[in-house]
Amino acid sequence: GESVGLHLPTLSVQEGDNSIINCAYSNSASDYFIWYKQESGKGPQFIIDIRSNMDKRQGQRVTVLLNKTVKHLSLQIAATQPGDSAVYFCAAPTDSWGKLQFGAGTQVVVTP
Amino acid sequence: ETGVTQSPTHLIKTRGQQVTLRCSSQSGHNTVSWYQQALGQGPQFIFQYYREEENGRGNFPPRFSGLQFPNYSSELNVNALELDDSALYLCASSLEIAGNEQFFGPGTRLTVL
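Protein chains in written order, with our numbering: chain V, 1 to 112; chain W, 1 to 113.
Quick caveat, the hints were computed from the structure, so don't treat them as lab data. A hint or two may mislead.
Stated by the list, open to error - FRET-style restraints, in silico, Cβ to Cβ: (1) V:Phe46 x W:Leu39: 18 to 24 angstroms; (2) V:Arg61 x W:Pro61: 22 to 28 angstroms; (3) W:Gly28 x V:Asp31: 21 to 27 angstroms; (4) V:Phe46 x W:Gly56: 19 to 25 angstroms; (5) V:Lys68 x W:Glu101: 18 to 24 angstroms; (6) V:Asp31 x W:Gln17: 38 to 44 angstroms; (7) W:Arg15 x V:Arg51: 42 to 48 angstroms; (8) V:Glu39 x W:Ile12: 20 to 26 angstroms; (9) W:Thr14 x V:Lys71: 23 to 29 angstroms; (10) V:Lys71 x W:Pro62: 30 to 36 angstroms; (11) V:Gln60 x W:Pro61: 38 to 44 angstroms; (12) V:Lys68 x W:Gln18: 44 to 50 angstroms.
Claimed, not checked - Short, incomplete list of chain W residues facing chain V, as computed with Cβ under 7 angstroms: (13) Gln41; (14) Phe104; (15) Gly107.
All C-beta atoms in this analysis are idealised placements derived from N, C-alpha and C, irrespective of residue type, glycine included.
From just these sequences and the hints, can you work out the full model?
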């Protein structure tokens, strides 16, 4: 069946270090994937997305890698800052109308 | 800020009651999706509206219903509330269909006692 899931529920990172958040998916038909950041008391905020015909995409301090062979994507955050503390979700559309299926989320905690 | 607003921010209801949650989409966005997010979990798709018509729904019973208005604001109605309906309800607006970024509101926290 279709699923989007995350490997680790909590990631503790020291300020200034790089963070890597992983996500596995099972639906090979997904044509793009999205990473969201959700801070406490707020709705999910779009970070970056990647099309299935790409292996890597970079944004500001973030990089998403897609490995279609093993159905895995990751979000890398460079020089993690206290403001990066949040729950991060990967998501993928389940149909052409963009209805999203989310993973359970990874809590990133940035320590000084 | 995404330009998507939701009201109320918090709501407490008792089991069996009915509730209406509201969402104001980002200007010009004609598609709105509603999601339920239980504590510690990812959002679960409830349904989507496109130009005032329901455009698919997730695995939620009929007591979850919605409306989208000509100005593209929308409502989520839940009848016969159950304890498990306690969650954060999120709406997300977008322009047209897939491939366009969905902008989420801050959510409404519903507690059912």
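Cross-check of the supplied hints:
1. Here the CB-CB span from V:Phe46 to W:Leu39 is close to 22 angstroms, well matched to the stated 18 to 24 angstroms.
2. At roughly 42 angstroms, the beta-carbon separation of V:Arg61 and W:Pro61 lies outside the given 22 to 28 angstroms, and the hint is violated.
3. Separated by about 25 angstroms at the C-beta atoms, W:Gly28 and V:Asp31 satisfy the suggested range of 21 to 27 angstroms.
4. Under the hint 19 to 25 angstroms, the C-beta atoms of V:Phe46 and W:Gly56, about 21 angstroms apart, fit the expected range.
5. The hint said 18 to 24 angstroms for the Cβ distance between V:Lys68 and W:Glu101, and at roughly 22 angstroms that hint holds.
6. One distance hint, 38 to 44 angstroms for the beta-carbon pair V:Asp31 and W:Gln17, holds here, with the actual separation near 41 angstroms.
7. One distance hint, 42 to 48 angstroms for the beta-carbon pair W:Arg15 and V:Arg51, holds here, with the actual separation near 45 angstroms.
8. Look at V:Glu39 against W:Ile12: about 23 angstroms separates their beta carbons, and that is inside 20 to 26 angstroms.
9. Distance hint for W:Thr14 and V:Lys71: a CB-CB separation of about 44 angstroms, inconsistent with the stated range 23 to 29 angstroms.
10. About 34 angstroms separates the C-beta atoms of V:Lys71 and W:Pro62, a value consistent with the hinted range of 30 to 36 angstroms.
11. The beta-carbon spacing between V:Gln60 and W:Pro61, approximately 42 angstroms, falls within the hinted interval of 38 to 44 angstroms.
12. Between V:Lys68 and W:Gln18 the C-beta distance comes to about 45 angstroms, which sits within the given range of 44 to 50 angstroms.
13. With a cut of 7 angstroms, the hint placing W:Gln41 at the interface with chain V holds, because the nearest CB-to-CB distance is about 6 angstroms.
14. Hint status for W:Phe104: holds, given a least beta-carbon distance of 3 angstroms to chain V, under 7 angstroms.
15. Because the smallest distance between the Cβ of W:Gly107 and any Cβ of chain V comes to about 5 angstroms, under 7 angstroms, the interface hint for this residue holds.
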